[in-house]
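K.L.:
Sequence:
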Amino acid sequence: MKTFQGRVVAPGTVSAEALVSHGGLNTLASFQKALQFGDKNATCGDQNNPDLYGRQMAGKALCLPQTIGSTTGGLVIYCACAMGRQPACMLFSQPIDSLAGAGVILADVWLDGESTKMPVIDSLGEEFLSYVKEGMTVTVKDGGVVEVE
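So the mapping is simple: our numbering equals the position in the sequence shown, first residue as 1, plus 1.
The set of hints was computed from the structure by calculation and includes no laboratory data. Bear in mind the structure is a predicted one, so any value in this text is a computation, not a measurement. Yeah, the Cβ is synthetic: ideal placement off N, Cα and C, and Gly gets one too. Treat the hints with care, since some could be wrong.
Stated by the list, open to error - Label-pair restraints from in silico Cβ distances:
hint : residue 1 : residue 2 : range
1    : Lys3      : Thr72     : 34 to 40 Å
2    : Thr72     : Ser116    : 22 to 28 Å
3    : Lys134    : Phe38     : 29 to 35 Å
4    : Val15     : Ala83     : 16 to 22 Å
5    : Ala103    : Met2      : 28 to 34 Å
6    : Pro51     : Gly114    : 31 to 37 Å
To be verified - Below, simulated BS3-like cross-link-like pairs (lysine-lysine); rule was C-alpha separation at most 25 Å, straight line:
hint : residue 1 : residue 2
7    : Lys118    : Lys134
8    : Lys142    : Lys3
9    : Lys34     : Lys118
Turn these sequences into a full structure, and let the hints guide you.
P.N.:
In structure tokens form, the structure reads like this:
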């Protein structure tokens, strides 16, 4: 087991199976099927992300360097949370971008209920993304502590 310290963007505690991307997450392309076509598993639709394409994101510990894409990034994340189709948590090796961060914070503040919560930790460092592998158990604890086993 290895422990990493990051910055809390949205608080919460959770344990989930890791789903890892070494490329940026295009939020719109990735969540389009979940938001427009009722895919409750949030199957990644971004053909440009071979690590995630065709994979279920809902309920997973999504481990990635950053988000990429358009100005809709925050809205997409907010909507995924509002519909209960979000990852269990999002864990970034780099600082989260301001648009995605806005969606995460608005979802945390505006949405009520456990089914809409999604802890988000950023600035975990490159060692985090090198260490975590798909299928490992990732636990988010209070204060931005992330354990990977």
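K.L.:
Hint by hint, note whether the structure agrees.
P.N.:
Quick rundown of the hints versus the structure:
| no. | hint | result |
| --- | --- | --- |
| 1 | Lys3 - Thr72: 34 to 40 Å | holds, 35 Å |
| 2 | Thr72 - Ser116: 22 to 28 Å | holds, 27 Å |
| 3 | Lys134 - Phe38: 29 to 35 Å | holds, 30 Å |
| 4 | Val15 - Ala83: 16 to 22 Å | holds, 18 Å |
| 5 | Ala103 - Met2: 28 to 34 Å | holds, 33 Å |
| 6 | Pro51 - Gly114: 31 to 37 Å | holds, 34 Å |
| 7 | Lys118 - Lys134 | holds, 24 Å |
| 8 | Lys142 - Lys3 | holds, 13 Å |
| 9 | Lys34 - Lys118 | holds, 20 Å |
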